[in-house]
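Colleague: Input sequences plus hints: build the corresponding full structure.
Heads up: the sequence lines are chains A and B, in that order.
In this text, residue positions in the first sequence follow UniProt numbering: the first is 1, and each later residue adds one.
In this text, residue positions in the second sequence follow UniProt numbering: the first is 1, and each later residue adds one.
Some hints here could point you the wrong way.
What the hints assert, rightly or not - Cβ-Cβ distance ranges computed for the label pairs, FRET-style:
1) B:Glu-212 x A:Gly-117: 23 to 33 Å
2) A:Pro-56 x B:Gln-154: 24 to 34 Å
3) A:Pro-56 x B:Glu-204: 21 to 31 Å
By construction, these hints were calculated from the structure, which means they are not laboratory data.
For glycine and all other residues, C-beta sits at the position ideal for the given N, C-alpha and C.
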Amino acid sequence: MSLPQHLVGFGDELRREGVAIGTSELNDAFAALGEVGWTAPGPFREALAATLAKSPDDRRVFDLVFDRYFFRAAEGAALQAGIRESEAAAEGMGGEQGDRIDYEALREQILEAIAAGDEAALRDLARLAIAAFGRQGQGSGVLGVDVQRIRRALGLKSEPGQMVKGEGSSVEYPLSRDQIRKFEQYLRRELERAQIERTQTLPAARPLNELDRALPSGPAQDLAAVHRVVMQLKRRLASQGHQARGHARHAHVDVRRTMRASLETGGVPVVLKYKPKRPRRPELYVLCDVSTSVTSASVFFLSVLHALHDSFRKMRSFVFVERISEVTDVFSRERDFKAVNEAISKDAGVADVSGYTDYGRVWREFLESVEDDLHPRATVIVLGDARTNGRDPRADIFARVSERAGRTFWLNPEPKLYWNYGDSVISAYEPYCEAYECWTTPQLETFVKALTRPMHA
Amino acid sequence: MIVPGSVDDVTSGLQAAGYLPGESTALVSYLATRLGKPVLVEGPAGVGKTELAKKLAEYLGRDLVRLQCYEGLDEAKALYEWNYRKQLLRIQTEAEDAGWQAVQDDIFGEEFLLSRPLLQAIASEEPVVLLIDEIDKTDQEFEAMLLELLSDFQISIPELGRIEAKTMPVVLLTSNNSRELTEALKRRCLYLWLDYPTPERELEIVRLHAPELPETVAARLVEVVSMVRELDLKKPPSIAESIDWARALLLLGAEDIDQQTFRETMSIIVKHRTDLDTVAERVGVRLAA
Numbered sequence: 001m002s003l004p005q006h007l008v009g010f011g012d013e014l015r016r017e018g019v020a021i022g023t024s025e026l027n028d029a030f031a032a033l034g035e036v037g038w039t040a041p042g043p044f045r046e047a048l049a050a051t052l053a054k055s056p057d058d059r060r061v062f063d064l065v066f067d068r069y070f071f072r073a074a075e076g077a078a079l080q081a082g083i084r085e086s087e088a089a090a091e092g093m094g095g096e097q098g099d100r101i102d103y104e105a106l107r108e109q110i111l112e113a114i115a116a117g118d119e120a121a122l123r124d125l126a127r128l129a130i131a132a133f134g135r136q137g138q139g140s141g142v143l144g145v146d147v148q149r150i151r152r153a154l155g156l157k158s159e160p161g162q163m164v165k166g167e168g169s170s171v172e173y174p175l176s177r178d179q180i181r182k183f184e185q186y187l188r189r190e191l192e193r194a195q196i197e198r199t200q201t202l203p204a205a206r207p208l209n210e211l212d213r214a215l216p217s218g219p220a221q222d223l224a225a226v227h228r229v230v231m232q233l234k235r236r237l238a239s240q241g242h243q244a245r246g247h248a249r250h251a252h253v254d255v256r257r258t259m260r261a262s263l264e265t266g267g268v269p270v271v272l273k274y275k276p277k278r279p280r281r282p283e284l285y286v287l288c289d290v291s292t293s294v295t296s297a298s299v300f301f302l303s304v305l306h307a308l309h310d311s312f313r314k315m316r317s318f319v320f321v322e323r324i325s326e327v328t329d330v331f332s333r334e335r336d337f338k339a340v341n342e343a344i345s346k347d348a349g350v351a352d353v354s355g356y357t358d359y360g361r362v363w364r365e366f367l368e369s370v371e372d373d374l375h376p377r378a379t380v381i382v383l384g385d386a387r388t389n390g391r392d393p394r395a396d397i398f399a400r401v402s403e404r405a406g407r408t409f410w411l412n413p414e415p416k417l418y419w420n421y422g423d424s425v426i427s428a429y430e431p432y433c434e435a436y437e438c439w440t441t442p443q444l445e446t447f448v449k450a451l452t453r454p455m456h457a
Numbered sequence: 001m002i003v004p005g006s007v008d009d010v011t012s013g014l015q016a017a018g019y020l021p022g023e024s025t026a027l028v029s030y031l032a033t034r035l036g037k038p039v040l041v042e043g044p045a046g047v048g049k050t051e052l053a054k055k056l057a058e059y060l061g062r063d064l065v066r067l068q069c070y071e072g073l074d075e076a077k078a079l080y081e082w083n084y085r086k087q088l089l090r091i092q093t094e095a096e097d098a099g100w101q102a103v104q105d106d107i108f109g110e111e112f113l114l115s116r117p118l119l120q121a122i123a124s125e126e127p128v129v130l131l132i133d134e135i136d137k138t139d140q141e142f143e144a145m146l147l148e149l150l151s152d153f154q155i156s157i158p159e160l161g162r163i164e165a166k167t168m169p170v171v172l173l174t175s176n177n178s179r180e181l182t183e184a185l186k187r188r189c190l191y192l193w194l195d196y197p198t199p200e201r202e203l204e205i206v207r208l209h210a211p212e213l214p215e216t217v218a219a220r221l222v223e224v225v226s227m228v229r230e231l232d233l234k235k236p237p238s239i240a241e242s243i244d245w246a247r248a249l250l251l252l253g254a255e256d257i258d259q260q261t262f263r264e265t266m267s268i269i270v271k272h273r274t275d276l277d278t279v280a281e282r283v284g285v286r287l288a289a
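Modeller: This is the structure in structure tokens:
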């Protein structure tokens, strides 16, 4: 395959991963490559990134796909042409290499290369390290295991701030975790290359792991990203109301108001008064699990809650672990998300003794406190993973909740694959609610659409 | 007027102007001059997006035309406006003898056009660098209006017809990513994501702007700043603030950044009441007393 074909193929691959790439982007990419010295990997990659990936998210996907695509392309071409690296290497390096590799010297060199971040040297050294420690042909067959074994053999510890020192040498290299991880990447790639050569086939192409692009889960540093999602959500919620308003504005004549207006004209209804069709503003009851099993998701959920509070007037929020606690006041008092988060973790008083979720008790307490308020126009949303820690799910009480409320939704932060495994009992609740998996932003959008959809019942 | 011949030219040129570009920054800037495509620069506040445009203009020897965007910015402020006072005067002085037709031809001429930044950039005799700053602050309608300018480098004025660019401007748009820009706009641009620099690069930047600061203090400063950025703050310190801090330390003649100096000067890099508390609590105590 020629380079243009490869680029088009690369564009296709990106499209398959959801990056919007038009023909004009590809044209730009070709034009850009015409202007830079793209025989070096750096400029080649950057030129493509500047023309193809147009947001930080796209850039992340771009990097993953770039590595995968061009690695496969190069290996595929090598297989076709029948080039084997081991032979070529043996010819070139056989003389000086000798049979024995000086392990200490190698280790020293690797440390130096990692500290200097010298890409070309790292690649070569990774290959040497595999030859030295990898016991060729007897690898475990699992790349990750082999990588870790070689790393340990080299004495590279991935602890932050660790000084790594070659034995018998006085030089110390401060290596960060990222630097070591980078070397591991090289190891992995070289091992994969060796495997391809052994088996003479390319491994099956996998689409990007969905989990690679899941919702940001690091509690603090990714909060900004969560907020951006929620901002979009807010805008969508706002504009959807308008759509409904414009759609059927003059549907019904309000007889009472028309009659009253007709008094001015002596009882002749000159001016018709219409019933305004109000956008659906459901009364929301939101229950959010804040126990440890959903820690990463609950930060996200709490910020969703926060956003919902701005959009829905009549909304009551609860958080729960073992017991339930109403936090509506906290949300209406605090405009700042971080303050809300702190207030909830400080004085919601939801964890009792064990700190494990007790759904049965939660439903009972919830029903006790709101039973009289629930009515068919109310919507109940539960955010939680439905892991009961072996306790009775008490689906019967949940059924009573959903019976009294108009609609009941369940948002589960776990991939559907894990539902009903272990102590997850979501199937017990599913008959009484619409359950959605919600751990990526598109899934959240799907849910919001369902939530704002006018009810036909 | 300089036309760069390679990416390395851009790198050294920007360095000479006092801006240390990363690999992708230099490459995208070079592509912008060669392909004549606008560049969309995104990144957190204070990583040198606007500075890049200024220094690029300095290096290329071009004038910088800057359009600062804000909510409610409209065509009259960005593109052009008819100088109606002058038109009125003209009508008053001439209308009696000349017919309407003559006056009408007269008052819609370039003489009565007030050109705003975008028209200036297009109509300039010398090529310029056009900086459209904080494009995310405007509304989507304004973005749509920009499309004609960005793809064809021309502006349509109903009374005058089309004004095409006499020279190709280098266009930079910056955005703080506070809202998603439209696909149509992105499609017409090259994309550059500027992030906080690595500690090594930041050290170079600080040393460039405060060369008299002792090496050890500068290294310590960069280390502390990167520690502060890792915290979840309302507004993490920008590069400009690191430089300010370096200069302040220089003025104070600080030999090292200990707890005392840090507490006294940290308001230079952290500017929110709550952030100050967090930083004092989390970073301050880790410094030598």
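Colleague: Hint by hint, note whether the structure agrees.
Modeller: Evaluated hints:
1. For the pair B:Glu-212 and A:Gly-117, the beta carbons lie near 29 Å from each other, so the given range of 23 to 33 Å is met.
2. For A:Pro-56 paired with B:Gln-154, a C-beta distance near 32 Å keeps the hint of 24 to 34 Å intact.
3. Separated by about 24 Å at the C-beta atoms, A:Pro-56 and B:Glu-204 satisfy the suggested range of 21 to 31 Å.
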